[in-house]
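Peer 1: Sequence:
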Amino acid sequence: MFWNNRLPHSKKERQCAAQVKRSTDRTMSHHYQDLITIFNQTFSESFNTKLELGGDEPIYLPADTSVPYHRIIFARGFYASALHEIAHWCVAGPERRLLEDFGYWYEPDGRTAEVQAEFEKVEIRPQAYEWILALSAGFPFNVSCDNLHGDFEPDRLGFMQKVHQEVMSIFETGFPPRVQMLSDALRNFYQVKPLEVGDFIVK
2 MFWNNRLPHS
12 KKERQCAAQV
22 KRSTDRTMSH
32 HYQDLITIFN
42 QTFSESFNTK
52 LELGGDEPIY
62 LPADTSVPYH
72 RIIFARGFYA
82 SALHEIAHWC
92 VAGPERRLLE
102 DFGYWYEPDG
112 RTAEVQAEFE
122 KVEIRPQAYE
132 WILALSAGFP
142 FNVSCDNLHG
152 DFEPDRLGFM
162 QKVHQEVMSI
172 FETGFPPRVQ
182 MLSDALRNFY
192 QVKPLEVGDF
202 IVK
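Counting in our numbering, the sequence shown runs from 2 upward without gaps.
To be clear, the hints were calculated from the coordinates, so they are not data collected in a lab.
The beta carbon of each residue, even a glycine, is placed where N, CA and C say it ideally should be.
Heads up, a few of these hints could be off.
Here are the simulated DMTMM-like pairs of lysine to aspartate or glutamate, each with C-alpha atoms no more than 20 Å apart in a straight line [said to hold, decoys possible]:
id: 1; residue 1: 163; residue 2: 102
id: 2; residue 1: 163; residue 2: 119
id: 3; residue 1: 204; residue 2: 156
id: 4; residue 1: 122; residue 2: 156
id: 5; residue 1: 51; residue 2: 119
id: 6; residue 1: 204; residue 2: 185
id: 7; residue 1: 194; residue 2: 173
id: 8; residue 1: 122; residue 2: 167
id: 9; residue 1: 51; residue 2: 35
id: 10; residue 1: 163; residue 2: 173
id: 11; residue 1: 163; residue 2: 185
id: 12; residue 1: 163; residue 2: 96
id: 13; residue 1: 194; residue 2: 65
id: 14; residue 1: 51; residue 2: 96
id: 15; residue 1: 51; residue 2: 65
id: 16; residue 1: 51; residue 2: 102
id: 17; residue 1: 51; residue 2: 185
id: 18; residue 1: 163; residue 2: 200
Derived Cβ-Cβ restraints for the label pairs, each shown as a range [said to hold, decoys possible]:
id: 19; residue 1: 49; residue 2: 204; range: 16 to 26 Å
id: 20; residue 1: 49; residue 2: 200; range: 29 to 39 Å
id: 21; residue 1: 193; residue 2: 100; range: 27 to 37 Å
id: 22; residue 1: 202; residue 2: 69; range: 17 to 27 Å
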């Protein structure tokens, strides 16, 4: 079950989504160590938050008595996993950033069409941020529908179109501060030109 402001997206699915993208990680000259450095230089002091390499499952852990800073822990050294977890952090407000995994209760894999629709609704904004950050790093982006054991095939292109519409809306209203800060830092490191709406293509 999942509860208010739910995110029906299991940790195992987040791991699998990163694994699906692993071939991209291997062919591009993007190294997770660089992303860790860029993120931590940008946010470790201002937001007391660090990006760290994890194991099988990604997780967000707020500061506690043993670790005095917040941690975004991504799966298995996958660059795509790190971007996805960072995007969720960029969505989370101050109160949620004080809760483990931002206080979400995760719905297991094998969702119905109705539950999948709820998943996509809450994933539009973070995946829009992820797309912006990926292109800021010159890194390919693919939406994650993440219903590996469901009894139907999610509409990936339809979902990507919704994410694209969200990106266009973000361009109109302006990038949120943390997204802007990291986008600028990534573009500077990877020597990527300023982003334009035409860079975001649904395919």
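Peer 1: Evaluate each hint against the coordinates.
Peer 2: Verification of the supplied hints:
Distance restraint check for residue 163 and residue 102: the Cα-Cα separation of roughly 25 Å exceeds the 20 Å cut-off, and the hinted pair is therefore not satisfied. A distance of roughly 13 Å separates the Cα atoms of residue 163 and residue 119; the hinted pair therefore holds under the 20 Å criterion. Among the hinted pairs, residue 204 with residue 156 is consistent with the structure: their alpha-carbon atoms are about 12 Å apart, no more than 20 Å. Note on residue 122 and residue 156: the hinted pairing holds, with a Cα-Cα distance of about 13 Å set against a maximum of 20 Å.
Note on residue 51 and residue 119: the hinted pairing is violated, with a Cα-Cα distance of about 30 Å set against a maximum of 20 Å. Taking the CA atoms of residue 204 and residue 185, the gap is about 25 Å. The hint is violated against a cut of 20 Å. Proximity of residue 194 to residue 173 is assessed by CA-CA distance (about 19 Å); at most 20 Å being required, the pair is judged to hold. Taken as a hint, the residue 122 and residue 167 pair is honoured in the structure, with Cα atoms around 11 Å apart against an allowance of 20 Å.
Distance hint between residue 51 and residue 35 is fulfilled; the C-alpha atoms sit about 13 Å from each other, no more than 20 Å. For a cut-off of 20 Å, the pair hint linking residue 163 to residue 173 stands: about 16 Å separates their Cα positions. With a CA separation close to 25 Å, the supplied pair residue 163 and residue 185 exceeds the 20 Å bound. Restraint check: the Cα-Cα separation between residue 163 and residue 96 comes to about 27 Å, which exceeds 20 Å; the hinted pair is violated.
Proposed proximity of residue 194 and residue 65 is contradicted: the alpha carbons are some 39 Å apart, above 20 Å. For a cut-off of 20 Å, the pair hint linking residue 51 to residue 96 stands: about 17 Å separates their Cα positions. Between residue 51 and residue 65 the alpha-carbon distance is near 14 Å, which keeps this suggested pair within the 20 Å criterion. Note on residue 51 and residue 102: the hinted pairing holds, with a Cα-Cα distance of about 14 Å set against a maximum of 20 Å.
Of the pairs offered as hints, the one joining residue 51 and residue 185 holds, with about 18 Å between alpha carbons and a cut-off of 20 Å not exceeded. In summary, the hint linking residue 163 to residue 200 is supported, as the alpha carbons are separated by about 16 Å, within the 20 Å threshold. Checked against the given bound of 16 to 26 Å, the beta carbons of residue 49 and residue 204, roughly 38 Å apart, lie outside it. Separated by about 32 Å at the C-beta atoms, residue 49 and residue 200 satisfy the suggested range of 29 to 39 Å.
Distance hint check for residue 193 and residue 100: the Cβ-Cβ separation is about 33 Å, which falls inside the suggested range of 27 to 37 Å. The supplied range of 17 to 27 Å is broken by residue 202 and residue 69, whose beta-carbon atoms lie about 42 Å from each other.
Taken one by one, the earlier hints fail for this structure at numbers 1, 5, 6, 11, 12, 13, 19 and 22, listed in ascending order.
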